[in-house]
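All chains, please: the whole structure from these sequences, using the hints.
Listed below are the residues making up each chain.
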Amino acid sequence: MMIAFLSNNEMVPLIEALAKRLEVIAPVLSGGQPVFATWNGQELALDAENPLSSPLEFLLPSREALFRYVQLSGRYTFEEPSLPARLILGIRPCDLFAVEVLDRIMTEEPCDQAYLGRRRSTVLVALNCTRPGSECTCAQMGSGPGCVAGYDLALTPLGDGYLVESGSPAGVLILREHPQFFREASNEEIARKEALLAASREQMIMVRPDLSLQSMQEAISAADWERLGDLCLRCGGCSFICPTCHCFNVLDLGVPDGERIRCADSCILSGFSRMTSGANPRATQGERLANWYRDKFVYMPEKIGLPGCVGCGRCHRVCLARFDRRKLEALP
Amino acid sequence: MSEYIPMQAEIEDIDRVTSDTYLISLHILEGKGLSYRPGQFIMVSVFGLGECPISIASSPTRDTLQICIRRAGRITSGIMDSRIGDVLGVRGPCGNGFPLERMGRDILIAGGGSGFATLRSLVNYIVDRRRSFGDVTVIYGARTSQDLYFMQEYKGWQMAGLSVGITVDVGDDSWTGNVGMVTSLLDRLEVSVGSAAICGPPVMINSVANTLLTMGFSNSDIYISLERHMKCGLGKCGHCNIGPHHVCQDGPVFSYDRVRSLLESL
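Chains as they are written, first to last, in the numbering used here: chain G, 1 to 332; chain W, 1 to 266.
FYI, nobody ran anything at the bench for these hints, they're computed from the structure.
Mixed in with the good hints, there may be bad ones.
What the hints assert, rightly or not - Chain G is faced by these chain W residues, among others (derived, beta-carbon under 10 Å):
#	residue
1	Ile28
2	Phe47
3	Gly48
4	Arg74
5	Asp81
6	Gly85
7	Gly89
8	Ser114
9	Gly194
10	Met204
11	Glu227
12	Leu234
13	Pro244
14	His245
Predicted, not measured: the structure shown is a model, and the values here were computed from it.
No residue lacks a Cβ here, since even glycine has one placed at the ideal position from N, Cα and C.
Next up, the structure:
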């Protein structure tokens with residue numbers, strides 16, 4: 001591992017240098033809100049709250065072409081889309097953990113090559129969280145506030161700049177190829193990182209001391225799903241915003257030539273499991289909501305050894321229903 | 001290459017099964033064709049309309065790959081409207097199929113409605129490998145006699161030594177056979193206790209399985225082929241899950257004890 005220090009005023013020159021070779025995705029302000037977007041010199045929003053739309057969008061897009069079909073004399077040829085080489089800057093530990101979750105699901109045999117292709121051509125520069133958001137629970141879910149694996153480079157904001165740690169050969173290469181932007185990190189700076197992350201962790205635990213994977217599993221067992229289903233507004237917002245939600249629909253667009261695309265879908269929606277006959281194995285909203293929670297807190301731990309909740313808090317930020325999504329109880 | 005890119009299959013033949021159901025013979029244009037087992041399914045696409053899961057209705061012991069299509073939705077209508085010589089997309093085979101290596105020699109096969117299509121693969125497999133099997137009974141029920149699939153094949157199955165019982169829910173003047181539930185056939189036929197393969201509507205599956213349990217079948221020897229909405233056939237899209245299992249990968253065939261414990265755990 002290489003450790004270095006990047007001062008605040010070297011950040012933009014570094015990104016400019018990286019953007020010559022790669023498409024750099026970074027949090028920038030759009031309409032006053034932070035969003036992950038292709039960086040073209042916009043002002044960075046690395047101090048803002050983690051954007052509502054996660055950077056997983058660039059690994060499993062909410063809509064992408066699987067292939068193009070072209071008809072000639074009744075026969076078809078197929079073209080696969082080309083994938084851009086990318087660097088995602090500022091992916092938070094919770095979202096980095098979600099990448100690990102998706103890696104295990106999508107690359108398990110039979111491997112999803114469309115996902116793997118994007119994954120392999122993407123460099124991940126993580127941003128550790130020294131100031132958690134009000135809905136953040138990564139400390140309780142074990143995904144943050146500091147990332148421990150899965151990154152190429154990890155940044156920790158120290159005020160005047162960033163402590164930079166490499167986590168892969170690709171990360172080391174960035175440090176080696178751009179020595180002009182970095183200086184050696186001092187022991188004090190390394191210690192400051194640990195202290196800041198420990199305080200960040202404590203802050204989250206203090207706000208919600210009783211929350212854990214186990215407390216969620218217990219709440220799921222005890223929940224009155226029919227009641228919660230009645231309260232759910234059935235918008236699917238929690239799914240479309242969740243970094244580990246990966247369910248999709250497949251559609252053809254175009255005759256005789258066109259694209260077969262996949263787009264995000266949600267088990268919260270009533271048509272998700274409905275068959276052509278009209279029969280629906282999950283007929284009630286309560287069953288659909290229960291499936292969403294069980295998948296994250298029961299099935300995924302069982303299947304891939306990781307929880308499907310990374311504690312990013314996005315579902316809480318978008319949910320309009322009158323129930324507590326952590327206790328799975330109706331609000332008064 | 002992406003596993004989402006299908007093989008091309010030319011429609012070789014189209015046979016009428018019922019007024020709204022056709023048996024479609026496919027010739028895969030690439031490679032050596034499809035290697036599959038009874039109970040598996042394929043993802044079939046009509047380019048421009050999309051892709052859906054369709055059970056394989058033919059036996060791997062025969063040359064031609066066949067699917068049985070009932071006009072139900074957009075894609076099945078697109079397949080029905082295709083002509084001989086047209087090209088469909090085919091991916092697969094998907095799923096596990098019937099575990100023939102664990103099913104023993106004496107097999108009961110019970111179908112209801114369009115669920116009989118996947119069982120035809122198993123029946124014809126047994127007919128073609130007759131010496132590997134013992135007492136084999138086929139029971140099948142449909143709504144009316146007009147809705148019965150593969151009527152011209154029953155005689156051949158009987159000639160191969162299979163016991164065949166057919167019933168309809170609603171009789172009419174042209175029908176001289178049984179009227180009533182599929183389970184009613186179990187009283188009339190001599191069935192050897194062994195393993196079973198069932199596919200049909202959920203109510204029919206449960207009543208047949210429960211009757212078999214009272215006859216002495218073990219619930220781990222009763223195999224059910226389940227239907228679910230599917231988009232990828234690869235265990236990724238999420239549509240077909242039952243608890244932690246994906247029907248497209250872990251199924252569509254499950255033993256009855258497993259299905260029951262899965263559904264009860266929800």
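Holds or violated: the hint that His245 of chain W contacts chain G, with Cβ atoms closer than 10 Å.
holds, 9 Å
The hint names Arg74 of chain W as touching chain G; please verify it with the least Cβ-Cβ distance against 10 Å.
holds, 9 Å
Could you check if Gly48 of chain W really has its C-beta closer than 10 Å to a C-beta on chain G?
holds, 4 Å
Go through the hint on Leu234 of chain W and say holds or violated, using the shortest Cβ distance to chain G against 10 Å.
holds, 5 Å
Interface hint check: Gly85 of chain W, Cβ to nearest Cβ on chain G, cutoff 10 Å. Holds or violated?
At about 7 Å, which falls below the 10 Å cut-off, the nearest Cβ of chain G leaves the hint on Gly85 of chain W intact, so it holds.
Quick one, is the Asp81 of chain W hint okay against chain G at 10 Å, beta carbons?
violated, 13 Å
Does Ser114 of chain W pass the interface hint, meaning its C-beta sits closer than 10 Å to a C-beta of chain G?
For Ser114 of chain W, the interface hint holds, since the closest Cβ of chain G sits about 9 Å away, which is under 10 Å.
Closer than 10 Å between Cβ atoms is the bar; does Ile28 of chain W clear it against chain G? Give me holds or violated.
violated, 13 Å
Quick one, is the Gly194 of chain W hint okay against chain G at 10 Å, beta carbons?
violated, 29 Å
Chain G contact restraint on Phe47 of chain W - CB to CB distance below 10 Å:
Hint holds; Phe47 of chain W Cβ to chain G Cβ min 5 Å, cut 10 Å.
Glu227 of chain W as chain G interface residue, shortest Cβ-Cβ below 10 Å
holds, 6 Å
May I ask you to test the interface hint for Gly89 of chain W with respect to chain G, counting a Cβ-Cβ separation under 10 Å as satisfied?
holds, 8 Å
Hints 1, 5, 9, 10 from the list above are not met by this structure, while the remaining hints are.
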